Amino acid sequence: MSTALSPSALASAPTPAARPGPWLAAWRRLRRRRAAMWGLGVVLMFTLMALLAPWLGLQDPIATSWGSIRKAPSAAHWFGTDEIGRDVFARVVWGTQASLLAGVVSVSISLLIGVPLGLLAGFVGGWVDMVIARITDAFLACPFLILAIALAAFLGPSLSNAMMAIGISAAPIFVRLTRGQVMQVKVEDYIEAARAVGNPPWRIALRHVLPNTLPPILVQATLAIASAVIAEASLSFLGLGQQPPAPSWGSMLNTAKNYVEQAPWMAIWPGASIFLLVLSFNILGDGLRDALDPRQR
Amino acid sequence: MFAFLLRRLASLLPTLILVSMLIFGLQQLLPGDPAKILAGEDQDPQVIAYLQAKLHLDEPLPVRYGYWVWGVLQGDLGESVRTQLPVLDLILQKLPVTLELAVLAFLVAVLIGIPAGVVSAVARGSAWDHGANLFALWGLSTPNFWLGILLIMLFSVQLGWLPASGYVSPFEDLAGNLAAMAMPAFVLGNAIAAVLMRHTRSAMLQVMSSDYVRTARAKGLSERAVVIKHALRNALTPIITLGALELGTLLSGAVLTEQVFTIPGFGKLIVDAVFNRDYAVVQGVVLFTATTYILLNLLADLAYFWVNPRLRR
Chain P
1 MSTALSPSAL ASAPTPAARP GPWLAAWRRL RRRRAAMWGL GVVLMFTLMA
51 LLAPWLGLQD PIATSWGSIR KAPSAAHWFG TDEIGRDVFA RVVWGTQASL
101 LAGVVSVSIS LLIGVPLGLL AGFVGGWVDM VIARITDAFL ACPFLILAIA
151 LAAFLGPSLS NAMMAIGISA APIFVRLTRG QVMQVKVEDY IEAARAVGNP
201 PWRIALRHVL PNTLPPILVQ ATLAIASAVI AEASLSFLGL GQQPPAPSWG
251 SMLNTAKNYV EQAPWMAIWP GASIFLLVLS FNILGDGLRD ALDPRQR
Chain U
1001 MFAFLLRRLA SLLPTLILVS MLIFGLQQLL PGDPAKILAG EDQDPQVIAY
1051 LQAKLHLDEP LPVRYGYWVW GVLQGDLGES VRTQLPVLDL ILQKLPVTLE
1101 LAVLAFLVAV LIGIPAGVVS AVARGSAWDH GANLFALWGL STPNFWLGIL
1151 LIMLFSVQLG WLPASGYVSP FEDLAGNLAA MAMPAFVLGN AIAAVLMRHT
1201 RSAMLQVMSS DYVRTARAKG LSERAVVIKH ALRNALTPII TLGALELGTL
1251 LSGAVLTEQV FTIPGFGKLI VDAVFNRDYA VVQGVVLFTA TTYILLNLLA
1301 DLAYFWVNPR LRR
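One line per chain: the protein sequences are P and U, in this order.
Numbers 1 to 297, taken from the numbering used here, label the letters of the first sequence in order.
Numbers 1001 to 1313, taken from the numbering used here, label the letters of the second sequence in order.
Treat the hints loosely; a few may be bogus.
Calculated from the model, a selection of chain P residues having no Cβ within reach of chain U, i.e. all distances over 10 Å [to be verified]: (1) W23; (2) M49; (3) Q59; (4) S68; (5) A76; (6) L101; (7) F139; (8) S158; (9) K257.
Okay, the calculated bits of chain U under chain P, using three or more residues with CB under 8 Å as the criterion [as the list claims (entries may be wrong)]: (10) 1022-1028; (11) 1072-1080; (12) 1212-1226; (13) 1286-1297.
No lab work stands behind these hints: they were computed from the structure.
All of these numbers come straight from a predicted model, not from anything done at the bench.
The beta carbon of each residue, even a glycine, is placed where N, CA and C say it ideally should be.
Given only the sequences and the hints, what does the whole structure look like? Please build it.
Here's what the structure looks like:
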């Protein structure tokens, strides 16, 4: 990331000590992008909602009430109630947990599988690269959601298996991305220099190559969280994710689609939440890409 | 060109073999005796014995894989535990429905995505450009099953213009068929239109600043001719390559769309199979989709040649 500074920025920097680090410079660029900051703000808001759900004084998200079935939004139930009298607002807020958890955990799984394999393939090359590339191709040949459905089906339906399935299905993208980045970085002069002073290969790979491949991986990870949130909602919508009665936006929509005439509010809020969260991650990812890739400015 | 084609076809083979291993391997994820699980809830001893023999469960794994692949090559994808029908027959029976949905959705995507991308690149920075970018962001962030539900609320429940669900064969009633497919095709095409718009925009921006576009302008061609005949033609190459990757989204999205609109296609088949623990059907559908996806990408490569004459030599 030593290329993050433009020549003019270097010239205007009074002393080397005052020059901001590449990550700090990127953060400053990101902060200037209003859309990206909105995205970040909404993501933080949802995170707070997920973490603080137990203390927000909400109604019990799984308590049924036969006296208030499919009631329209009112002061008592801001988002109305569902087919067995549960408070939709409480379920939407609690559902944030499943969605964010799925987004973050499945992308972490993808990163844990994808980045080391990509690093290995790109750095070692030769037959190791060929084998990894071929396996990646095979995974990429199965459409993402279909593979996730199949994995979730064979592993058994549950939120943790859905996260596993999404994580595994999305890992090949990170293998490919990391591999491509490593191939670009490993021919740079500073890597040659690191080699020349006698660093062992593993040290070059971990200390010199890997950090320089991180910016695009971070961007992709942000965008992948957006896809993972949609994927979890999709699997839950199909009944393969979070199992009832635990709240999840996808499974709420699955029930809601049977009541579009009688209780449209059941479908509007969980869907709007998915949309808003995914939109925020997408905007944030786009902003990060612009902030981290100096060539695109 | 033939050399390229041969190389491309040869590279397909290892991918297909690995895909088949992957899908065969899914079975290993099942805990316990696969025959017992595959036999479904009835646990009929006869069925279990039949499955044990058919899956060669007493043989080592590589041998079982060999038997399985040999069967697949002869069109034997196994049998549905539920309906006792061969999986391939079930797939072929549902295929036309999904195919129609996919083709219509792709048309929607191309008709919206490419013009939107061209307009936003040509009028960069204008209100059109901002509008198209917002549309792309919206398309990428809207879960298509939610969009489907919203459209049903508007067009079926409120306005009563279109049927909320159901499928009519186009050979019985073409108008009814198109009415039933309009919303699903739009829902499925919408997300892909967003991606196509982004690819088209960036490809067009690159092409519009190239020398040959400047030459075309200098010759005094109308802006319209420059954009359509010179710029778009050349921008199509990256659009096709990147667009082909979206065919996977199309197949995945079809599963959800069919679920929302109760369309009896491929997606409905795999989802029902998952709930009936009809694993052979799940495996068959995944294998079939993956193979289709691989072949569609091959077609995209051929299209790449078609629009780019320089590669033909």
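How the hints compare with the structure:
no.: 1; hint: W23; result: 26 Å, holds
no.: 2; hint: M49; result: 18 Å, holds
no.: 3; hint: Q59; result: 24 Å, holds
no.: 4; hint: S68; result: 22 Å, holds
no.: 5; hint: A76; result: 24 Å, holds
no.: 6; hint: L101; result: 17 Å, holds
no.: 7; hint: F139; result: 7 Å, violated
no.: 8; hint: S158; result: 13 Å, holds
no.: 9; hint: K257; result: 5 Å, violated
no.: 10; hint: 1022-1028; result: holds (count 4)
no.: 11; hint: 1072-1080; result: violated (count 0)
no.: 12; hint: 1212-1226; result: violated (count 0)
no.: 13; hint: 1286-1297; result: holds (count 5)
Of the numbered hints stated above, those contradicted by the structure are hints 7, 9, 11, 12, listed in ascending order.
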